[in-house]
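Asks: Please model the complete structure; the sequences and the hints are all you need to start from.
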Amino acid sequence: MSGLLLFLVSMVSLGAIYAMLCVALNLESGVGGLWDLGIVSFFGIGAYAYVIVTAPPAASYQAYIFGFEAPVWAGMAAAMIAAALFALLIGALTLRLKREYFLITTLAFAEVIRQIFVNEAWLTNGVAGIYGLRPPLREAVDPSAYGFLLLALLVAGLAIVFLVTRHMVISPFGRSLKAVRENEALAITAGIAPRRHNLKAYVVAGTISGLAGVFYVWYNTIVTPGQYSSDVTFFVWTAVIIGGLGSLRGALVGGFIFVLLHDILRFVPVSGEAAATVASLRTAVIGLALILILRWRPNGLFPERATVFGGAAPAGAKAMVSHNA
Amino acid sequence: MLDVSSCKLSFGGVKAVDDVSLRVEPGSITGLIGTNGAGKTTLFNVISGFLKADAGSIRFMDRDITARDPSEIAKLGILRTFQTPVGFPRMTVMENMLVFSRHDRDRRSSPFSPARVPAETLEAASAILADFGLYQKRDVWAEDLSAPDLKMLEFARAMMAGPVLLMLDEPAAGVNPALIESLASRIRALRDQGVSFLLVDHNLKFVCNVCDRIFAMADGRIIAEGTPDEVIADQKVLELYIGKSAKTDLQ
Ligand SMILES: Nc1ncnc2c1ncn2[C@@H]1O[C@H](COP(=O)(O)OP(=O)(O)OP(=O)(O)O)[C@@H](O)[C@H]1O
Ligand SMILES: [Mg+2]
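Protein chains in written order, with our numbering: chain H, 1 to 325; chain E, 326 to 576.
There could be a bad hint or two in this list.
Covered by chain E, according to a simulated footprint, are these stretches of chain H (three or more residues, beta-carbon under 8 Å) [stated by the list, open to error]:
1. 156 to 170
2. 183 to 197
3. 290 to 304
If you only want the chain H side, here are some residues facing chain E, beta carbon under 7 Å, derived [to be verified]:
4. A58
5. R114
6. I116
7. F173
8. S176
9. A179
10. R249
11. F309
Far from chain H, some chain E residues (derived; all Cβ distances over 10 Å) [stated by the list, open to error]:
12. M326
13. K333
14. G362
15. R388
16. T391
17. D394
18. M419
19. P436
20. L447
21. R516
Keep in mind the hints are simulated off the structure, nothing from the lab.
Quick caveat: nothing in here was measured; it's all calculated off a predicted structure.
Backbone N, C-alpha and C fix where the C-beta goes; we use that ideal spot for every residue, glycine too.
Replies: Shown next, in the form of structure tokens:
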């Protein structure tokens, strides 16, 4: 198998993971109006919960005390439950705050959680992280073909996440979420309790991010605190804005576009010394893309569209209109 | 139906609502008039739970609703409108309607309830929209509507919600004078279907025409109460609207 193909498979896999995070963020921040700068918290919590539940017991040079070697499905369940519980806790504390304070507090919580990954070595093995994690069905296929199998798993996971989220967005739940985003006082007069409703969206987004964390562990086969810095949050926000805040298709495509932009410089053939310089240009490429998008397509590549309902015209609709005109 | 007794609310030194008691009888259209800054909107905010009264109590259909959560008060059947109708700007006219539908109200709490909107709900919404001349614009974002259309959408939403008590803050403001009479007849028609009204407006002709009873407010207090004829003949109300000097000139 050629190197280019391997690279493509790896990039699309990473894109699927980012797209999952984008879909989650879009639910709470695009459809809902939450300025959440802590989406990485639940990504990290999901990843660590999965590892703690499924990893083998620590070797002599490792510090973590748990490692239950439980099956994959148990790890996935643990990841989603842990992420949901933390989202419930953090959301209950922060959603009563005004937007700006919510933003800064979620950012702060994300940093606190990363520090816990770094410092609580008994749980997380500290900065060294935990290596050599076996992704599911590793033995099922030839090692050289595993990349394809993993890609299939990630795409299937993304498809499920997308369909579930899409359902939520177009259901009365999502419509109410949008109503709170658009006009909170008016939404209240419709009987919506904004804080409780937003909390539900926050927990759903957290749960999806937790699941994305599991996929990220499969992809990397290692978990370290450095993978869960707030860079991820800003990357996901950038991807969602490029795709189109509030747009489901935008979120889906945004994740892939982001990864493409981020990794496109790897194609530039350069010498060893120049490689570091080129790598540091990545952020600049992303920044440039963001500026161009905001300048020429401020609502993203796939802007949020009006939801259209079918249904027969009521009797007399035409007459009324001509009368008014 | 609605019983406000001795409600008070101050903003710092300003007594915006000062010992107000007021009743809305079932099936009545009750008006609330008063000059700018009299405290009418603040009283609306207190009744609908958006602001908590410093003192006093509010009962609605034999329930104490003082200091209840505004969304809970809304669920009991009190729908209040806002002085400036903006709706949900980036939602379509139809979505604006659906948010107020019984269908959404019963299903919005779970993210897993069915997404499909039943045909009856869409038809009911379409019929109301057609009635207000908005049917052709059902798929347009509310932010793209003209100001008069937004005003019509506000009434359409209120009809969709099917409230027990409808509290309208300046319904006639910004409405084409030629259409005010049709607005009044719509209000009466709804009253005949059993909806009670509490409405604030500066257009005295409209208020006197449509209301069964009127309360007049000045500086946070109720200064007069009665039938429209009684209230506009009241000394204090005359002074308020015409001014003391003008009135002595007239005599
Ligand atoms: N949120 C607030 N903070 C401070 N003062 C307020 C607030 N809301 C209203 N007020 C003051 O309370 C008084 C009553 O205001 P309110 O808006 O209730 O009057 P209104 O009768 O509705 O007037 P209008 O006819 O102009 O709508 C005014 O003096 C106003 O300045
Ligand atoms: Mg007012």
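Asks: Now tell me, hint by hint, if it's right for this structure.
Replies: Here is how each hint holds up against the structure:
no.	hint	in the structure
1	156 to 170	holds (count 3)
2	183 to 197	holds (count 12)
3	290 to 304	violated (count 1)
4	A58	violated, 39 Å
5	R114	violated, 29 Å
6	I116	violated, 29 Å
7	F173	holds, 4 Å
8	S176	holds, 4 Å
9	A179	holds, 5 Å
10	R249	violated, 17 Å
11	F309	holds, 5 Å
12	M326	holds, 18 Å
13	K333	holds, 23 Å
14	G362	holds, 20 Å
15	R388	holds, 16 Å
16	T391	holds, 17 Å
17	D394	violated, 7 Å
18	M419	violated, 5 Å
19	P436	violated, 4 Å
20	L447	violated, 4 Å
21	R516	holds, 20 Å
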